[in-house]
Amino acid sequence: MIVAILTISLMAGLFGLILGYAAIRFKVEGNPIVDQIDALLPQTQCGQCTYPGCRPYAEAIANGEAPINQCPPGGQATIVALAGLLDVEVLEPNQEHGEHHDIPLVAIIDEATCIGCTLCIQACPVDAILGSAKHMHTVIADECTGCELCLPPCPVDCIDMVPIKQSIDDWKWPLPTLSEEIVHEH
Amino acid sequence: MSIKLHKFHGGLHTEDHKKGSLISGLQQATLPAQLILPLKQHIGDSNKPLVSVGDRVLRGQLIADSSSAISAPVHASSSGIVSEIGARPVPHPSGQSDLCIVIDVDGKDESIKQKTSPIENLSGAELIDKIQRAGIVGLGGAVFPTAAKLARGNDLGIKTLIINGAECEPYITCDDTLMQNYAAEVVSGIAYLQCILKPENTLIGIEDNKPAAIKSIQLAIEKSPLSQTEVVSIPTIYPSGGEKQLIKILTGKEVPASKLAFDIGLFCQNVGTCVAITRALEHDQALISRIVTLSGNGIQNPGNWEVWLGTPVSHLIELAGGYKINQAKSQHLVMGGPMMGFSLSSDAVPIVKASNNILVMQQQTIPLTPGYHDECVRCAKCVEVCPAQLLPQQLYWQARAKNHERSEEYHLFDCIECGCCAAVCPSQIPLVQYYRAEKSEIRTARQAHFKSDRARLRFEFREQRLLLKKQQDEERRRLKREALQKKNPKIPDRKVEVDPVQAALERVKARKQTQAAEPRNTTNLTPEQQQQIEEADARRRAAREQPK
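Chains as they are written, first to last, in the working numbering: chain A, 1 to 186; chain B, 1 to 548.
Hints should not be assumed to be uniformly reliable.
In silico DSS-like links for lysine-lysine, alpha-carbon gap of 25 Å or less [what the hints assert, rightly or not]: (1) A/Lys172 / B/Lys402; (2) B/Lys248 / B/Lys4; (3) B/Lys4 / A/Lys165; (4) A/Lys172 / B/Lys451; (5) A/Lys172 / B/Lys469; (6) B/Lys469 / A/Lys134; (7) B/Lys248 / B/Lys381; (8) B/Lys402 / B/Lys7; (9) B/Lys223 / B/Lys7.
For the record, the hints were derived by calculation from the structure and aren't laboratory data.
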């Protein structure tokens with residue numbers, strides 16, 4: 001009886017020590033699920049989800065504060081990916097937050113109208129606008145995420161959102177069109 | 001010396017349909033009225049035009065170039081006036097238009113002044129540079145810039161140089177014709193490649209259905225000082241001309257998944273590219289023409305033509321006596337062979353560096369009805385024929401489900417799109433089209449992911465920068481304040497100073513408290529004031545008590 005109690009206590013103590021050591025040695029910094037969610041978001045930093053950037057939205061999803069369908073730039077593909085990651089139901093995109101564009105948009109500054117006020121530069125979350133005070137500004141198209149955050153501050157309304165120019169290299173082979181009806185008739 | 005041949009997995013014995021186009025030998029195509037030269041005829045980065053509308057250009061003149069290392073410049077194929085720089089239909093599976101330089105040919109075919117420099121003393125790097133400036137790309141079909149490939153191969157060190165003259169796809173005979181007619185140039189091109197890459201040995205793989213080509217190359221090698229170079233007759237089986245398959249046949253080695261031939265010390269080059277290299281180095285001649293096969297059951301006189309790049313396909317078809325049935329939509333045009341080629345939207349597209357064959361099929365002889373196929377019956381015939389040893393039916397399911405991760409797990413990107421699986425499929429599933437669609441979906445997703453990673457980095461960097469700026473500003477203000485205080489101690493330190501808002505609020509609060517205790521105008525009264533108050537009170541009382 002005594003031996004049994006001692007053995008069990010000894011084992012409990014030993015495992016406790018191992019677990020305690022492991023908890024310190026293998027401690028995970030931050031919340032890894034937030035990183036995983038953040039990696040699936042399109043990183044436009046547009047704030048249409050009502051959070052100030054993609055990472056805050058990822059944190060909100062991880063904490064269960066926000067549904068997964070508030071990201072218009074990501075569209076249905078992002079919702080499906082998030083649903084897969086979090087093992088939740090796929091939702092319809094929430095239209096209240098904005099519209100998804102199949103071809104991503106890019107900002108373009110009408111250089112003749114631009115007065116060089118630098119307001120759009122301050123608004124751009126990814127530093128994709130180049131220019132200085134009282135000089136013309138221009139958008140680095142490759143870096144623009146199409147977040148539209150530069151539109152409201154512009155006092156002369158000289159920024160337009162245009163679809164990214166598609167070239168022949170962007171063309172995608174289509175999947176063979178499989179007409180279900182014809183297949184069934186056969 | 002003869003080497004032991006190996007076999008690759010799968011493959012198909014196809015009807016080769018090559019005789020028809022071989023009868024008339026090599027013919028020289030005439031100049032068309034207009035040359036249409038797409039700015040991009042290679043794999044890699046796009047070119048920018050160097051001429052403008054109205055310029056007169058000469059044969060061999062550089063008309064488009066790029067500063068990128070992975071690109072190939074474009075040269076004018078003949079002399080004439082640039083009449084347009086704009087979007088024209090190009091040979092592309094999308095059927096879309098791309099930027100082209102259109103030259104109205106003047107028929108004089110004047111060449112730019114060539115100063116042929118001796119090449120005996122040039123180093124490998126200088127030879128590669130000359131090849132780059134001639135706009136040479138791999139003419140076997142991949143159109144990868146040859147100079148970039150050579151530079152990479154040179155860096156990694158090459159043990160065996162493999163020259164690809166297999167030409168395994170049905171209907172195509174352009175390399176066969178080239179080897180029969182330009183054997184000497186093929187061999188001297190090989191000599192230049194050996195000079196650059198310094199391989200231990202060289203193997204020239206030619207399928208045994210081309211005895212004339214094998215013989216002429218062998219004769220040319222005997223006449224040349226080449227050593228350690230052997231022509232190998234390989235069995236005819238499709239796709240023996242695939243780079244990885246040819247390597248397996250000749251050396252028994254397998255190129256590991258997602259690696260390239262030069263990663264294992266091998267370097268493959270097509271015979272047509274060897275001729276282009278010879279011309280570039282010996283005659284300073286840019287790549288402005290190539291041999292094109294015109295074949296299929298829809299053309300009057302199939303054959304091989306030496307064609308100026310930029311020649312419209314319709315011009316070539318006229319040279320071949322036109323279509324057999326001259327009606328709209330009565331023929332189906334394919335660029336490349338029947339296994340790997342793609343349909344052309346019209347015969348207005350030009351011949352480009354990649355065009356080895358134009359296949360003209362009569363529409364009624366094509367069995368496949370587009371837009372319909374049976375379901376997979378899991379017969380696994382595709383697995384038996386796949387030369388890349390993949391599982392085509394698994395790839396098909398994953399591609400249909402757009403399951404990118406699983407597709408990559410099944411090594412989708414090792415698929416060489418040879419079409420063997422689709423050819424044997426009893427359900428006639430256009431398998432390769434599924435794979436191509438899935439590949440382009442994955443590439444697009446990768447690009448989007450790359451872009452979003454970049455955006456995240458830039459966003460985080462900006463946040464950090466703003467934070468740092470704020471901290472620096474505060475630090476600067478603090479230092480300034482301290483310096484001021486040292487100079488003039490009377491200036492109160494703002495840090496110990498009470499917040500003015502808070503102070504005002506407290507003052508108001510204190511005042512309200514004293515006001516609430518008792519009205520201030522009833523204390524410390526003089527006797528006269530006291531008397532006045534009492535009189536007023538008495539008047540009020542009297543007024544109230546007065547009967548109404």
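Each hint, compared with the structure:
no.: 1; hint: A/Lys172 / B/Lys402; result: 14 Å, holds
no.: 2; hint: B/Lys248 / B/Lys4; result: 11 Å, holds
no.: 3; hint: B/Lys4 / A/Lys165; result: 53 Å, violated
no.: 4; hint: A/Lys172 / B/Lys451; result: 18 Å, holds
no.: 5; hint: A/Lys172 / B/Lys469; result: 44 Å, violated
no.: 6; hint: B/Lys469 / A/Lys134; result: 22 Å, holds
no.: 7; hint: B/Lys248 / B/Lys381; result: 22 Å, holds
no.: 8; hint: B/Lys402 / B/Lys7; result: 33 Å, violated
no.: 9; hint: B/Lys223 / B/Lys7; result: 31 Å, violated
Going through the hint list in order, the structure does not satisfy hints 3, 5, 8, 9.
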